[in-house]
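Engineer: Full structure from sequences and hints, please.
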Amino acid sequence: MEEKHRMKTGTMQTERTILRPWKETDAEALYEYARDPRVGPVAGWPIHTSVENSRQIIRDVLSADETYAIVLKGGDHPVGSIGLTLHKKNEHDMGEKGGEIGYWIGVPFWGKGLVPETVQELLRHGFEDLGLETIWCGYYDGNDKSRRVQEKCGFIYHHTEPNRQCPLLNETRTEHFTCVTKARWLQIAG
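First residue of the sequence shown: 0, per numbering that gives the first Met the number 0; consecutive thereafter.
If you're looking for bench data, these hints aren't it; they were derived computationally from the structure.
Note that the coordinates shown come from a computational prediction; the quantities given were computed from them, not determined experimentally.
Some hints could be false.
What the hints assert, rightly or not - Using 35 Å as the maximum straight-line C-alpha spacing, the simulated DSBU-like pairs for lysine-lysine come out as follows:
1. LYS144 <-> LYS96
2. LYS151 <-> LYS96
3. LYS151 <-> LYS111
4. LYS144 <-> LYS111
5. LYS181 <-> LYS151
6. LYS22 <-> LYS181
7. LYS72 <-> LYS96
8. LYS22 <-> LYS111
9. LYS111 <-> LYS72
10. LYS72 <-> LYS144
Structural biologist: Have a look at this one:
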């Protein structure tokens, strides 16, 4: 593990961001971005309805292991989220040394390259620190921004699953899955 990436337990950094655990005091910042209908629904989750709703999401969802608030360096308020779900907690058969990455960022930060930057750090963390061999990612039909992030980060198309349940929105969608192996990541990162 390279020390330049790890700041303290549970916290990582990239050139422009700090990835740190979510805190309940982040609820207002979370609500600011998660209430925008352009953010959650395309990723499969409903818009946040209040600061208290965001606080509950922090408690119930974002406090999970390997889930991080994306904070711009020099600031303290989250502008997005990124996480890695390890194989044991995931519904897909990703193998014993597999995980799945998920992410979102607030609309004012779209198109600035922050998500690919944070995805690269989480790939490094997954492969080097957690010993994963394959990291998966998915995107729903129409989420071209997420697809482009995955392409930029070296993920390769694996398969498509039509009629997948999107339980948080109570609907079915077509989901496309991509993955990157540790060997491929080492080639790209090298």
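Engineer: Just to be careful, I want the Cα atoms of LYS72 and LYS144 compared with a cutoff of 35 Å; is the pair within it?
Structural biologist: holds (23 Å)
Engineer: Please verify whether LYS144 and LYS111 have alpha carbons no more than 35 Å apart.
Structural biologist: Given pair LYS144, LYS111 holds - Cα atoms ~12 Å apart, limit 35 Å.
Engineer: Measure nothing beyond the straight line between the CA atoms of LYS111 and LYS72; if it is 35 Å or shorter, mark the hint as holding.
Structural biologist: The hint holds at about 14 Å.
Engineer: Taking only the CA atoms, is the gap from LYS72 to LYS96 under or equal to 35 Å?
Structural biologist: Holds, because 32 Å separates the two Cα atoms, which is no more than 35 Å.
Engineer: Given the hint that LYS151 pairs with LYS96, does the C-alpha gap stay at or below 35 Å?
Structural biologist: holds (23 Å)
Engineer: Need the status of pair LYS22, LYS181: alpha-carbon distance at most 35 Å?
Structural biologist: holds (31 Å)
Engineer: Checking one constraint from the list: CA of LYS151 to CA of LYS111, max 35 Å. Satisfied?
Structural biologist: The given pair, whose Cα atoms are some 13 Å apart, holds under the 35 Å limit.
Engineer: Is the straight-line distance between the alpha-carbon of LYS181 and that of LYS151 35 Å or less?
Structural biologist: At roughly 16 Å apart (the allowed maximum being 35 Å), LYS151 and LYS181 satisfy the hint.
Engineer: Does LYS111 sit within 35 Å of LYS22, going by the straight-line distance between their CA atoms?
Structural biologist: OK: LYS22 and LYS111 at ~25 Å, within 35 Å.
Engineer: Below or equal to 35 Å on CA atoms is what counts here, so check LYS144 against LYS96.
Structural biologist: The hint holds at about 27 Å.
When the structure is compared with the earlier hints, no violation turns up for any of them.
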